[in-house]
Amino acid sequence: MTQAKSFPRGGVYPPDTSALSRLEPLTNAAVPPRAIISMRQHAGPPAECIVRPGDGVREGMMIGRAQGPRSAHVHSSIPGRVVEIMEETVAGGERCQAVAIEMGGEFDRSGRAGEEREWQALSRFALLGKIQSAGVVDLGGTFQPAHLALASPPGGAVGVLIANGVESDPSLSCMSALLREKAREIVTGLRIARKLLAPSRVVLVVGEADGHLVPGFERAVDEAGEEIEITVVSSKYPQGDAEQLAATLLGGRRAGQGTRRSVSATVGHAEDRHVVVLAVGTLLAVHEAVALDKPLIERVVTVSGSIVRHPRNLKARIGTRIEELFDECGGLSAPAGAIVLGGLMMGRAVDSPNASLTKTVSGVIALSAKEARVPRERPCIGCGRCIDACPWGLVPTRLYKLAAHGRCDAALAEGLAACSECGCCAFACPSRIPLADGLGRMKGACGAAGKIAEATA
Amino acid sequence: MSGTGASVVPARPAPHVRGAVSAPELIWSAALCLLPASAWGILVFGTPAAFVLLASIGSALVCEALTALLRREFTLLDGSAFLTGLMVGCLLPPGAPIHVAAVASGFAIVVVKQTFGGLGRNWMNPALAGVVFARLSWSEAFAVPVSTRWSGPGLAPLDALAAALPGPGSGGRGALETLAAAGYPVSAADGRVVGWLNARLAPLGVALPPGAFDLLAGIRPGGIGEIAVLLLIAGGVFLAARRVIRWQLPAVHLATFALLAWVFGGLGAGRGFFAGDAVFHLLAGSLLLVSFFMATDPVTSPLTPAGTIAYGIGLGAATFLLRFYGSMPDGAPLAVILMNCTVPLIDRYAKPVRLAAPRGGAR
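For the protein sequence lines, the chains are Z and E, in the order given.
For the first sequence, my numbering gives the first residue as 2, with consecutive numbering after it.
For the second sequence, my numbering gives the first residue as 10, with consecutive numbering after it.
Worth flagging that the hints you see were computed from the coordinates, not collected in a lab.
Okay, the calculated beta carbon distance ranges per label pair:
1. Pro16(Z) - Thr351(E): 34 to 40 Å
2. Ala20(Z) - Thr351(E): 44 to 50 Å
3. Ala127(Z) - Tyr358(E): 54 to 60 Å
4. Phe283(E) - Pro376(Z): 52 to 58 Å
5. Glu103(Z) - Arg252(E): 52 to 58 Å
6. Ala29(E) - Met87(Z): 41 to 47 Å
7. Ala20(Z) - Phe247(E): 29 to 35 Å
8. Arg81(E) - Ser307(Z): 33 to 39 Å
9. Gly252(Z) - Leu75(E): 51 to 57 Å
10. Ala260(E) - Ser307(Z): 38 to 44 Å
11. Ala31(Z) - Arg252(E): 45 to 51 Å
12. Gly69(Z) - Phe247(E): 56 to 62 Å
13. Ser307(Z) - Phe83(E): 28 to 34 Å
14. Leu145(E) - Arg442(Z): 45 to 51 Å
No residue lacks a Cβ here, since even glycine has one placed at the ideal position from N, Cα and C.
Build out the structure end to end from the sequences listed, making use of the hints.
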């Protein structure tokens, strides 16, 4: 077998702990008796809460209305009654509303065989409307509303549509579960995306560890009478990053060559045409929105970690408390030192298992007290490992020093805006300097000052 | 609830998993790779060499502990002070007085490293600066003739290197012949091995000069840690293979130096171009020690592979010029100090190729 393709430069090999959960079947998590649903589960501004305490809600009813083009609708994941509108703190310290719903009444959707609706005859406008009103966001990492990526890009046809089935982090295996158990639905999602974008090529990409799932997927493609290329790529991190994936398949471009329109998940150009990357989870959500009229009220999430008794992939309702997800997996065998939402490389640590599941959470990982110990930071010795590891070709140690001095312009001139906070630099740093975190904060500060928009205009 | 615990977790930045290798491991592994060559030095030169090493390492540790204490830190376990002390001792001749060794290390730690803010902040390799400081301050300590366990006293190490340089008086001879004519001692083993080899090589019209075996086996006057060339090469290759150092640096440094020494090294002896004794000059003096262990100090060398290659070329040229035309023999330590000054400039221009264009707005 030949060496699987990978992105042009950098990358690291974090310990692959996905095997803990990879082969476990996809399980439906219990419906939570009380769901806490955040109004901010996407890239843009929070949705506007449109329910009040005491209101009765049905499963899948809209409870938050998108505010502005980069925001997405939010729906109730359970039927019942609104008991409280809470203020909560989301990533970055921003305050935002969340709706607490006590379960009650009847389920309209669960337990019923999904009758697939005819969608082939629908217009582009109708399809995009269904996707938008279902609150589907790009689950591949940008969390922009999915209808933006699926609307045909301004001023050009789509060259390549890439279905991203590569795990975003070596501690997760939700892509694997989706590919194995939702192949038919993903293919339908791809057909809808193909109809909307009319790309000249459609490629499904899977990681090396999921190479054995390719034949099963090919069958699903054949049954649907589709033509889809399937490519296996390396397990180097961050292979699942949309832009690195595009660079893997189509060749990287050097900074400063040509321009790129930053329309949600749209990345890069192949022969001057747009490349759209959609995660397979997004395609599943697109399928459900279009063929089942089902809003995005549940998602597949990897629950894992050395102290989780039975790590597995769950299909869980949005708003389920993290602790309930652990209980679903046999609970924890030791007190958690930290709980990480997302993968270990980019995930956000939360301070309590009371946090609840949002559309943006791909994994919930419990770290033992020992694993959670923050390593002692030492001075930079100038070894250059962060530079060797950076897939974007940046000089993280230099950017970190510029960040420490608040030099926005200099940092942007050295490519700060290209940083995806993938964490390769901090992972590789022998002095354990939190480089990625520092660069992320700097990006936030420069973005708030309007400097990034200026630099990328 | 099932033992999740209501633990209060401090804000912790991603990534939540870190690479295996840590900075202290890198530094200690470099020290470990230098130990065999130092041990060989003690074997060849005897107890005076051991005392020099003890003084230089001890002084480095004490100075580091005291200066770090001023900043309320304890940094001895990161290994950098030990490594600096070991390097200073390796560069000193075995006959150096104890106080010279102690002051060289003290200067390295206190003046060169700590006044700039400690580990990672100095712009000049501390060990080399300390040794050059000592050489300028106590030049007579470096001019004592040295004898090895197996060969009698001859010239002081640095005088020997100066004597081996091609000059008008060398009469077109190679470096080792010139040395032999100047009364440089060879061991009995060298006589036997070279004699035996020359008897076999005679039909081919090739003859090895006296001292060839001593040079390779590490039986010669010189700095304590610089003579065991095979152990130095083994240590350097190990460090490069484990990616503790960038292999490009010693490779480009030594190749550039050897090329220049071969092409131009014979000019002074009137032998014309392409007649320099590159092999002798690669193995003689402190070049291998300096190239594998001091030039590769990450703090004072460029960040990127491209920068490292540019640095290596400059280093090779500087070493050649300083050794063949400088007033101070050897050249390698001074060349590194000289090139250390160019590192910020190299880092400014030797940047990696950036991928893709900037992302828009917030993610």
